[in-house]
Amino acid sequence: MPATRLANPRRIPPLGRLWLSCLPLLALLTVTVGFAENANLIYNGDFELNSPDSPPPGWTMWGAQQYKVPANFTRDTTAPHGGKACFRIHHPADTAGYIVSAPDQAIRPQSRMRYEVTFWAKADRPGASQFGVTAYSTINPFTDAPAPGFYPLDVGTEWKQSSFAIDEGWDFNAERSRYLLLTFRATTVQAEATTLWLDDVVVTEQKSPREGRLMDEASLQDEPLQHRLRPGDQLDLTVDAKKPLRPANRNVGGVSFHRVAGFTRLPYDRDGKYNMSPEQENAVRELRLPMTRFYGVGDEPFSLEDSIDKAAEVCRRTDIPLDTLVLEFETQGAERKLAPEGWARGVLHSVARGYGFHYWEISNEPYLGRPGTAFASPEEYVEHVKAVAAAIREVQPEAQIGVAINQGSLKWGNYVLKLAAGHYDFVVGHYYAVSNADKRKFEVATLTENYKVLDQILRVNALIRAYNPGREVCQLDTEWGMHSGGPNGERADDVNRNANIFGTLHRAVRLIYYAREALLRGASSWQMFSYRKSPGFGVLATDAPDKRCMGYWLYYYFNRHVGQTVLDAQGAAPEYAPAKGDDPYTTPGAFPGPLTPALVTLSEDGRTIHFVLANGSWDRTVPCRVALRNFTPAKAEGTVLSSADPDANPLLERKEDFVADFTVEVSRAGMSCAIPPHSVVFVTVRCGA
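Residue numbers (the numbering used here): 1 to 689.
Think of the hints as simulated: they come from the structure by calculation, not from any bench.
Idealized CB from N, CA, C, for every residue including glycine.
Straight line, CA to CA, 27 Å or less: simulated DSS-like cross-link-like pairs of lysine-lysine:
| # | residue 1 | residue 2 |
| --- | --- | --- |
| 1 | K547 | K273 |
| 2 | K441 | K452 |
| 3 | K547 | K310 |
| 4 | K160 | K122 |
| 5 | K418 | K207 |
| 6 | K418 | K452 |
| 7 | K242 | K635 |
| 8 | K635 | K655 |
| 9 | K84 | K160 |
| 10 | K533 | K273 |
| 11 | K68 | K439 |
Derived Cβ-Cβ restraints for the label pairs, each shown as a range:
| # | residue 1 | residue 2 | range |
| --- | --- | --- | --- |
| 12 | K243 | N649 | 41 to 47 Å |
| 13 | S51 | Q161 | 22 to 28 Å |
| 14 | Y274 | Q332 | 18 to 24 Å |
| 15 | D647 | E313 | 35 to 41 Å |
| 16 | K580 | E281 | 50 to 56 Å |
| 17 | N275 | P623 | 45 to 51 Å |
| 18 | T204 | N275 | 52 to 58 Å |
Using the sequences and the hints given, assemble the complete structure.
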């Protein structure tokens, strides 16, 4: 029995503590041990505590502030499952509030223990609710940790009991997920009005029956993220054209399409009509995309084969390489599987047509726990991956099979990598970042959050190597970007900061590391087409074909400023790490790194050096000096991307509102400039005769 059962009496109901205190010491210890092993770790889980508070004691409203309406979270005595009361959770239409067990009464998990959760639930009408366990590594500030899981909850109008079990070491790691909160959403459909009732919520702790535990990726990681710049007052670089670091990863500047016939009716509509105009084709072509991705290819109104042909045609028209295209065949929300023979049929069609496609991503985000999901568990998903992989390799032996993971979940991340080892060739993590952007400093959103995600990628790489010895397995990030909801519960698609200067700088910093550090084989961010009203991931707007989003110009210039070889740029830069009070979700001092990360690459002919420099400070101009060795500069050209409004619409009325020429001073010894705050700078230096 964990010692904390005695040290933390708040988990024992007050009457139980009073009763125990009346016993002799020996009896006290004996009874406490037996009692604690079966104690309910949730305070007021039966809602019998008669209190006028809403929500009831032991429970806390969660989500955007505007949805924290006490009248929607009340103690209800009309028709409880047991006792005198239950908990009523009302979800008005088009809202996003939900409930968690109180953080100050959080479950403090112990190593190698099992936590069994049972509760009774009903609703005013049949529908899909959600139960989950939210995890934090700290609660002051709230620092997210890998969550044990979220589960669809089918409820009806009669009381029904549900049971779940999570095992430390398999579903979560107690060293990182130190505070656990039960989490209930009345509905998974934000637009519908629903009322959910809960009663008799019980969490008990016992020794886990599972042997062993999953590998700890932190203990496997070879080295920390390489920033390659020591702390300094300004950006000082020494660049030797004869000292390459590694080949540049030129496959990271991709942008993913949604579907072949997606919600924007581009590139095709549901009738199979091609809708991209020559101007839109040219806009995509001008991005010089090294890769892209389509999902739901086998879930269109036309045949799988026709959908594959259409994806190939889009790439042909926009000059996107076919051999780096990633295709996913199943339903967008992973509600249905495509049988292995269906996958094989599609791959065989691609082979027969000579397209050169060989990256096959098996299911889109199967771990999200949507209602009606095709995969109730990681085991079910992995069995599907194994069967599909075998079928594909029968018709295309050189195929690259992709497995989807949730890097924030031990069960849907680490465990999936272990179970499926030997059957996959690439791993898809979808490394989105940044929550609650309205509450975050610019520096945290653009720098700290990236350094945190990049560290996660290194940890996943360590697991991949450990589980797949002797095999070459990589990561492909087929969706990524800044992904924050709005202050009033707005969807990420509708939040300007995800794609304006906040999101552009966030992506620029990520691209610098993706291209420089060889963390993964390729990356394609979310997403190509959106609407004017929803620019949160904007690159091009379907209903404003003559306009460009800020992110468009980032990819336009980035893909023109990645040379063949990364040069080993040595030097110093100002350092940033969150100070106390800087961020409500980050521990002070966490994930330090340069304020101005840099990518320096050399062209294939050795006559041009490209610089990509990002300034993640909102208000600080950073001087930059570069000493060049074994390279005599003749001239330099520069471009800067910047916007002074943190809440500006990402869709630009004019290019000139975001893109400007940038002045660089060049001498025989090198170059110098001043990097403006909240900006990305692209510089091309050409060699003299």
